[in-house]
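**Q** Sequence:
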Amino acid sequence: MQARPSREKPLPIPLRGQGQRAVPPQKEPELQKGPGTYKEAVTNIKVAIFRETYPEDKLTEYDQNSILEVLGRVLCRTPLGELPHLKSYRLEGGPPIHICAHQQSGQWLIKATDNYRLESGARLKATDTRNLPKHVNMALRIKVLRDITDYCYSRKKELIIGCDANAHHILLGSTGTNPRGESLTEFLVSSNLNILNLGNEPTFVVCNGKVIDLTLWTNKIGNLTSYWQVSGKLSLSDHRHICFQISNIKLPIGIPGETIGTYKDNLKVNLEIISQSICTIRDIDRSVDQLSHCHNCSAKTPRLPRNAPWWNNKLSGLRANTRKLFNTAKRTGLWDTYKETLTCYNKEIRKAK
Numbered sequence: 182m183q184a185r186p187s188r189e190k191p192l193p194i195p196l197r198g199q200g201q202r203a204v205p206p207q208k209e210p211e212l213q214k215g216p217g218t219y220k221e222a223v224t225n226i227k228v229a230i231f232r233e234t235y236p237e238d239k240l241t242e243y244d245q246n247s248i249l250e251v252l253g254r255v256l257c258r259t260p261l262g263e264l265p266h267l268k269s270y271r272l273e274g275g276p277p278i279h280i281c282a283h284q285q286s287g288q289w290l291i292k293a294t295d296n297y298r299l300e301s302g303a304r305l306k307a308t309d310t311r312n313l314p315k316h317v318n319m320a321l322r323i324k325v326l327r328d329i330t331d332y333c334y335s336r337k338k339e340l341i342i343g344c345d346a347n348a349h350h351i352l353l354g355s356t357g358t359n360p361r362g363e364s365l366t367e368f369l370v371s372s373n374l375n376i377l378n379l380g381n382e383p384t385f386v387v388c389n390g391k392v393i394d395l396t397l398w399t400n401k402i403g404n405l406t407s408y409w410q411v412s413g414k415l416s417l418s419d420h421r422h423i424c425f426q427i428s429n430i431k432l433p434i435g436i437p438g439e440t441i442g443t444y445k446d447n448l449k450v451n452l453e454i455i456s457q458s459i460c461t462i463r464d465i466d467r468s469v470d471q472l473s474h475c476h477n478c479s480a481k482t483p484r485l486p487r488n489a490p491w492w493n494n495k496l497s498g499l500r501a502n503t504r505k506l507f508n509t510a511k512r513t514g515l516w517d518t519y520k521e522t523l524t525c526y527n528k529e530i531r532k533a534k
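The opening position of the sequence shown corresponds to residue 182 in this note's numbering, with each subsequent residue numbered one higher.
Be a bit skeptical, because a hint or two may be false.
To be verified - Below, in silico cross-link-like pairs of lysine-lysine (DSS-like), each with a Cα-Cα straight-line distance of 27 Å or less:
hint: 1; residue 1: Lys511; residue 2: Lys528
hint: 2; residue 1: Lys391; residue 2: Lys505
hint: 3; residue 1: Lys534; residue 2: Lys505
hint: 4; residue 1: Lys520; residue 2: Lys414
hint: 5; residue 1: Lys401; residue 2: Lys324
hint: 6; residue 1: Lys495; residue 2: Lys414
hint: 7; residue 1: Lys505; residue 2: Lys414
hint: 8; residue 1: Lys414; residue 2: Lys449
hint: 9; residue 1: Lys534; residue 2: Lys495
hint: 10; residue 1: Lys528; residue 2: Lys391
hint: 11; residue 1: Lys324; residue 2: Lys414
hint: 12; residue 1: Lys338; residue 2: Lys401
hint: 13; residue 1: Lys505; residue 2: Lys520
hint: 14; residue 1: Lys338; residue 2: Lys324
No wet-lab data here; the hints were simulated from the structure.
Bear in mind that the values here come from a model prediction, so they are computed numbers and not experimental data.
With these hints in hand, go ahead and build the complete structure from the sequences.
**A** Next comes the structure, spelled out in structure tokens:
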């Protein structure tokens, strides 16, 4: 007879229709925190919460079995009425728990998410990875920003960046600070980028407006920008329009290739009206004016019609109503009616196009 192994097998996760639940062992072995994993053994609580490992972490077989073992024990201690349905069932009661399949090992990992998804009435499927919050690798994004700024600096190019940073820091105009805000602020201090945002006007339209959209610029371009502001006009998104002006930029003068033929024909005709006999200073001035006029008018830029062919009176009414509700929501803080009207407005625009 073979000796019984010292390590107990992980208890199965009880799901709907599996009969009676396994009885937990009398003594629970102490779990060791493996490298790159995030888990804890919990007792006397309704739901066990585990944090999924990051993509770059390596999850060993022992770590996988330990997670399943502790989860099985906690669910066995949970009253039957409070047991959340895992896998493809709707979550019920307590902080929500999701199960997702690890692509490499095929083992089940546990993912705890924030409560607002469940409170909003959404019915989440544990196997639907689209419902799981994605891990944001801020270090990778900072590296991309640094590579862009280094590229422009090495080639003596100026840079303006507009981004939905989703980072909170009091220096960025937010009311609080989170780790992403700290990482972004540390990067801005060590780089040659500056923040163009003025004031703390919310750029993201929610019940408690947030400043998450940033405009970054290099030192020299800052002298050319002015009138940065968050527009009060209606946008087709939860993000508001950000406007600023760039001045004193010299643009090269050129003639597009597709209009060079028209330009030459018109210039040849117009040059014939210039006086051939130049005897006085007044004749010189008149000829210069005529030559400038010929050069400027020989190739005109075609203008597109300002009115869209699909625009109609119904869309005009919806836009006016949506703007009115937007201004009302800013005063009262009630955004539900505005968002419903904005969704209807966007749908009608897509239909009209």
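**Q** Now look at each hint and say whether the structure bears it out.
**A** For each hint, the structure was consulted:
no. : hint               : result
1   : Lys511 with Lys528 : holds (23 Å)
2   : Lys391 with Lys505 : holds (21 Å)
3   : Lys534 with Lys505 : holds (24 Å)
4   : Lys520 with Lys414 : holds (15 Å)
5   : Lys401 with Lys324 : holds (23 Å)
6   : Lys495 with Lys414 : holds (19 Å)
7   : Lys505 with Lys414 : holds (10 Å)
8   : Lys414 with Lys449 : violated (47 Å)
9   : Lys534 with Lys495 : holds (13 Å)
10  : Lys528 with Lys391 : holds (26 Å)
11  : Lys324 with Lys414 : violated (34 Å)
12  : Lys338 with Lys401 : holds (10 Å)
13  : Lys505 with Lys520 : holds (12 Å)
14  : Lys338 with Lys324 : holds (19 Å)
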